[in-house]
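Assemble chain B onto chain A, guided by the hints.
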Amino acid sequence: MRLAQHMAVASPQVRADCIDATEFSDLAQKYRVMAVPKVVINDRVEFAGALPEPEFLAQVLKATNGG
Amino acid sequence: MSILSDQDRQAVQKEFEALAGPVKLTVFSQSLGSESCLETERLIKEVVECSDKLSVEILNLVLDREKAEAYGVDRAPAIVVEGAEDYGIRFFGLPGGYEFSNLIDSIIVASSGQPGLSLETREALTNLKEPAHIRVFTTPT
Numbered sequence: 367m368r369l370a371q372h373m374a375v376a377s378p379q380v381r382a383d384c385i386d387a388t389e390f391s392d393l394a395q396k397y398r399v400m401a402v403p404k405v406v407i408n409d410r411v412e413f414a415g416a417l418p419e420p421e422f423l424a425q426v427l428k429a430t431n432g433g
Numbered sequence: 002m003s004i005l006s007d008q009d010r011q012a013v014q015k016e017f018e019a020l021a022g023p024v025k026l027t028v029f030s031q032s033l034g035s036e037s038c039l040e041t042e043r044l045i046k047e048v049v050e051c052s053d054k055l056s057v058e059i060l061n062l063v064l065d066r067e068k069a070e071a072y073g074v075d076r077a078p079a080i081v082v083e084g085a086e087d088y089g090i091r092f093f094g095l096p097g098g099y100e101f102s103n104l105i106d107s108i109i110v111a112s113s114g115q116p117g118l119s120l121e122t123r124e125a126l127t128n129l130k131e132p133a134h135i136r137v138f139t140t141p142t
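Protein chains in written order, with my numbering: chain A, 367 to 433; chain B, 2 to 142.
Next comes chain A alone, as it looks inside the complex (with noise of 0.2 Å):
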């Protein structure tokens, strides 16, 4: 969750939810969630595990059509 909140800060364009999958399960259904962390974004690009900070922008560049 850092990175993404810090991207929140950093751009307008970037929202950040932490989601706790325990409490909401019809999200974790929704979306999939196996194993945390899971990070989905735009309903498009997701992931599970934490990324470096290079290869979570890369994702966040693919969901939004390469910046």
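Don't read these hints as lab results, they were simulated from the structure. Quick caveat: nothing in here was measured; it's all calculated off a predicted structure. Please note: incorrect hints may appear among the correct ones.
Below, computed lysine-lysine pairings styled on DSSO-like, alpha-carbon distance capped at 27 Å [claimed, not checked]: (1) B:K130 x A:K428; (2) B:K68 x B:K54; (3) B:K46 x B:K25; (4) B:K46 x B:K68; (5) B:K68 x B:K25; (6) B:K130 x A:K404; (7) B:K15 x B:K25; (8) A:K428 x A:K396; (9) A:K396 x B:K68.
Just chain B now, with coordinates in the frame of chain A:
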């Protein structure tokens, strides 16, 4: 009984010494209080007591529907972390365990408005062509 131990409270107070500007935490709760809503309210009130730069507003998801919609909040408990502006940081569910550290970190970065990211990342994010809604799923452990 408080949620934060004395040790936690002291650690948070120390981290908050570096706060640059005010931060407002808005909690969306539900009237027929689920345990996690009540716990979230209590936790955030205790966190806010750790610095005079912090303030809290407790709203009701149903009664304050317009504000909830404006914040893009559709479930409770939810926490909106706002610094000089609403940067779009939300927590859904009680931020316990490891997420508590992220909550504290989000308050610090919202306070400064200075993300801890490389110049390359910041430039790329500034040039985004469309919004990016990042959902990070976690568990409280």
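**Request:** Please name the hints from earlier in the document that this structure breaks, with their numbers sorted from lowest to highest.
**Result:** none
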